[in-house]
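In the order they appear, the protein sequences are chains A and B. Going by the numbering used here, the first residue of the first sequence is number 1, and it counts up by one from there. Going by the numbering used here, the first residue of the second sequence is number 400, and it counts up by one from there.
Don't take each hint at face value.
[As the list claims (entries may be wrong)] Pairwise CB distance ranges, derived in the manner of DEER restraints: (1) Pro494/B / Gln73/A: 42 to 50 Å; (2) Thr225/A / Glu495/B: 48 to 56 Å; (3) Arg410/B / Gln73/A: 31 to 39 Å; (4) Ser463/B / Lys216/A: 31 to 39 Å; (5) Asp201/A / Tyr471/B: 58 to 66 Å; (6) Pro48/A / Tyr467/B: 28 to 36 Å; (7) Lys341/A / Ser463/B: 57 to 65 Å; (8) Glu77/A / Ala415/B: 38 to 46 Å; (9) Thr350/A / Ser463/B: 41 to 49 Å; (10) Arg140/A / Ala415/B: 54 to 62 Å; (11) Pro494/B / Lys216/A: 46 to 54 Å; (12) Asp497/B / Glu204/A: 53 to 61 Å; (13) Asp201/A / Asp497/B: 55 to 63 Å; (14) Glu495/B / Thr116/A: 30 to 38 Å.
[What the hints assert, rightly or not] Beyond 10 Å from chain B on every Cβ pair, some chain A residues (computed): (15) Leu99; (16) Lys215; (17) Thr225; (18) Glu233; (19) Trp272; (20) His289; (21) Glu312.
FYI, nobody ran anything at the bench for these hints, they're computed from the structure. Here the structure is a predicted model, which is why all the values come from computation and not from measurement. Note that beta-carbon positions come from the ideal geometry of N, C-alpha and C, so glycine has one too.
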Amino acid sequence: MLRFPRFTRITSRSAQLASRSISTTAFEGNAALSELSLVVRAGSRDEPAPGVAHVLQKFAFNDTKARSGLRLQREAELLGGQFKTSLGKENLVLTAQFLREDLPYFVEALADTVSTPLYRDYQFVEEVVPLVQAEAELARKNPVYLATEAAYETAFRKGLANSVFASKTSPVSLDAVKEFGSQIFNESDVSLFARNVVESDLQEFSGKFFQNLPKKSASANTTRTATKFFSGESRIKANGKNAAVLAFPAAADASASLEVLKYVLGGNNIKWSRSYGLLNVLGDVHVSHAAHSDASLFIVSAHGSTPEKLSERLFSVAKELKQVAEKVDQELVSKAVASAKFAAAENYGTLASVLEKEIDLSKVTPESVSAAAKKLLSGNRVLSVVGSTQKLPHLDELL
Amino acid sequence: MSTFTQLEKIRNVILASPALKSVFLPASRVFTKAAGYREMGLKTEDLFAEENEVVSTALRRLPSEDSYKRIYRIAVAFQASINQQLAPVGDRIKPEEDTSYLVKHLLEAEAQIHEREELDNLTVKPSKKT
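Next up, chain B with everything else stripped away, as it sits in the complex (with noise of 0.2 Å):
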């Protein structure tokens, strides 16, 4: 499995290259339309599978603003849904407010994760003695 360090990486080696990104970006714009959340009042991060250690831990330490607010899109979306609706124009969200707030975190709880797994199976070389 793919980890949110691993995407990131990638992201940043498209974002770097010229050629890439053209070929990417418009290519992720497609995706996104077709893919319709951002009618439904949902911001892509939103869409993350929040049942596993790395997603929950990030969600515990969201500051409580952002938290509210998440929370708040995914019950329209919840509630358009079960009408059959879009969600109403006001709670729709523009390509622009489409922004990143949990990704920052996710990164810190994956490398914390990733590190005490590393440290709980060390093996100790014994150093050569000169």
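Here chain A stands alone, though its shape is the one from the complex (with noise of 0.2 Å):
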């Protein structure tokens, strides 16, 4: 393992305090900013309707009972600290950063956000819905968002095809997000990851704020179904740019091969410049490989200004699958397994390095990656398209 020197030690482990026990993990290290991240295991796969996890990332650090929203943000800007929240398909992640010895105010913060949120009926109306359309209307105007939920959608059918934003056309009751809100904060499906701050000092402080935090309660019904995984195509008629998704839907576990694929078809992004990737060099084609729990789902996207280059695009992809099926370049793996590596090194000691399972690359090699491509082309297979649909291919037509 190689050592890195900005983080002194790292440590994992539940507190078992007296009364509560939320599960943290912290790096510590020196530097004067410390990142406090509070994460939900719970994302826009677990929401009851579609949207109800959007809103409830959208009323996070708003109104709780011993605060106001805006009483938080100005006492935060005076600390010079700052919040942000994710959603994802697997957790909702709410942030903190700030100066490492504002720590109590900021576990404070957090615990009070999660343990006594009032979600006020005209917050709601006011400021959330807004903000929650606004973000979900800029997320549909790019077509290759469009094509990845609908590969999503088609690939997994439930859970995982929740999209993570709001959706039109099926709006959203505050009751709904109340029930989920109430349903997903509960101490066994929160934790904490800290960097830069001192261990036994976050203990303490979570274990003294999180008081109120309920516990999970026995009727809650957060049991994730098993995910499966189904083939199909789907075609979005739109105006503008044209995009396209290949998607192949695979169990979580054959990950480290996939993971140098992805680096084999993509190369590494380096700006402005040509990468080793064998579809670096059609442009505009991005190699993704998403690694669920239950599930992965490699991606390779694609987008064209007119429905002709992009079927041409599509053509190429699909012949170099093909090829590295058969047979892959051992320089070319060598070069992948490096990216890959880089890439896990790159997120030590981030939150990333707590989410994402750890994988193991020493074991790849050229027949495993193309034996991996072969695993995806005869398995289950998504196309999506959004755009000029006459004009773009089909599945059997590319595969």
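Assembly of the complex is requested from the two constituent chains, each provided in isolation within its own frame, with the hints serving as guidance.
Structure, rendered in structure tokens:
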């Protein structure tokens, strides 16, 4: 394992405190800026209706019993701290960044926002809904996003299929948001991740301030149903740019070879230069590998100004994929493994390293990479296209 | 100008003390009867001047049911006033119907606006080093 001088010690354990136990992970370091993230193990895949998780995310750091959202914001400004939230398919993450001497204040703020949120109806109407709508609208303008979401929906149908953003067509009720919030904000599903803090301090404060966080209720139905995979095609007619996503849903385990395959095809993104990736010569093609807890989706997304250009790209992508499934160059694989190692090292000490599973790259060979590609092509396949669908290819024409 | 928050405090003091209550409650009944707005079909809280930030914010936040009923009462009173009449018997407000629907929102709006004003005019004093 590589040694990093920035963090002196890694500790990871559950703090068993007098009455409450919130699991905490701390990376102790000496930097002046601390980061504290509250990770809720529930994301859009767990929401009861489309958009509920997105609305709940926007309610974070708003009014609580202890203080109003405005006061929290202004006090954080005085202390020089920042709040941000991020919602994924698996997790909702509330993050605070602050100077390291202000730890108690920000632990309390995070504890408050999940323990005693008020969900005021006028705030829902006046602040939260416009924000949700603006974000969702912005996302919908991106054809690649639309195609990716359509691919998710086709590949998984339920759970992981849920979009992170609220949908225009299904309104969200405040009661549903309150209900979802009370279900997921409990001491078993919430954990803390911190960087550059003194761990004993963090445990002391989290024990003190998370007293009000409810225990997981026995009736709460938060078990996830096992993800199933499907093949299919989704074609959305739209104006403007054309986008297409070729996606391959798979079980979560074979991810090391897939991670390398991602770099073999997509290279690493060096700005203004062409990388070694096989698909890089095509331009406007992006390869990603979304690893979820019980499934993974290997995504090749492409876009083009005209449907003809995009079709050409898609056929080239299909050709390259078939070739990779036959044979991959040893040199290319070693470059890709190096890139994958770099990416893992880059994540070291960040929240991503805690949320994502560690993968063992040592056993990846050219044969295993082409075997993984072959398995993808013979497994479930999904194509989604957005734009002038009549001019874009169908799945059976591509693969 | 007295704010709704202050008025609410005064009201609570009066209601808490039997002596004050025995003076002010009958007086308020006499006043309300003399004012005659219930005969015009209005509730007390319909009379609050709405051309200020607090009341207009509170009115915006009213549930639509309450808001429709309020506008109906005002329309009835307006029509009756034009006709130089009292409101039709069915539309008059009985004392027990004159319930509070707006004060909750007024207090909330006032607290919010007051807090924002306070935070906008903060003075930060450096803490004493020990």
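Verification of the hints:
1. In this structure, Pro494/B and Gln73/A meet the distance hint of 42 to 50 Å, their C-beta atoms being roughly 45 Å apart.
2. Under the hint 48 to 56 Å, the C-beta atoms of Thr225/A and Glu495/B, about 54 Å apart, fit the expected range.
3. The hint said 31 to 39 Å for the Cβ distance between Arg410/B and Gln73/A, and at roughly 33 Å that hint holds.
4. The hinted window of 31 to 39 Å between Ser463/B and Lys216/A holds, with their beta carbons roughly 37 Å apart.
5. Evaluation of the 58 to 66 Å hint for Asp201/A and Tyr471/B yields a pass: the beta carbon distance comes to about 60 Å.
6. Under the hint 28 to 36 Å, the C-beta atoms of Pro48/A and Tyr467/B, about 31 Å apart, fit the expected range.
7. Here the CB-CB span from Lys341/A to Ser463/B is close to 59 Å, well matched to the stated 57 to 65 Å.
8. With their beta carbons about 40 Å apart, Glu77/A and Ala415/B fall inside the hinted range of 38 to 46 Å.
9. Checked against the hint of 41 to 49 Å, the pair Thr350/A and Ser463/B passes, with Cβ atoms roughly 47 Å apart.
10. Here the CB-CB span from Arg140/A to Ala415/B is close to 56 Å, well matched to the stated 54 to 62 Å.
11. The supplied range of 46 to 54 Å is met by Pro494/B and Lys216/A, whose beta-carbon atoms lie about 50 Å from each other.
12. Distance hint check for Asp497/B and Glu204/A: the Cβ-Cβ separation is about 54 Å, which falls inside the suggested range of 53 to 61 Å.
13. For Asp201/A and Asp497/B, the hinted distance range of 55 to 63 Å is satisfied, since their beta carbons lie about 56 Å from each other.
14. Take Glu495/B and Thr116/A: their Cβ atoms lie about 36 Å apart, and the range 30 to 38 Å holds.
15. The non-interface label for Leu99/A is consistent with chain B: the shortest C-beta to C-beta separation is roughly 14 Å, beyond 10 Å.
16. Here Lys215/A stays apart from chain B, with its beta-carbon at least about 31 Å from theirs, past the 10 Å limit.
17. With a least beta-carbon separation of about 37 Å from chain B, Thr225/A lies farther than 10 Å from that chain, consistent with its non-interface assignment.
18. The beta carbon of Glu233/A is kept farther than 10 Å from every beta carbon of chain B, the shortest such distance being approximately 44 Å.
19. Look at Trp272/A: its CB is around 45 Å from the nearest CB on chain B, clear of 10 Å, so calling it non-interface holds up.
20. At roughly 46 Å from the closest C-beta of chain B, the C-beta of His289/A stays outside 10 Å, upholding its exclusion from the interface.
21. The Cβ of Glu312/A lies farther than 10 Å from every Cβ of chain B, with a closest approach of about 54 Å, so its non-interface assignment holds.
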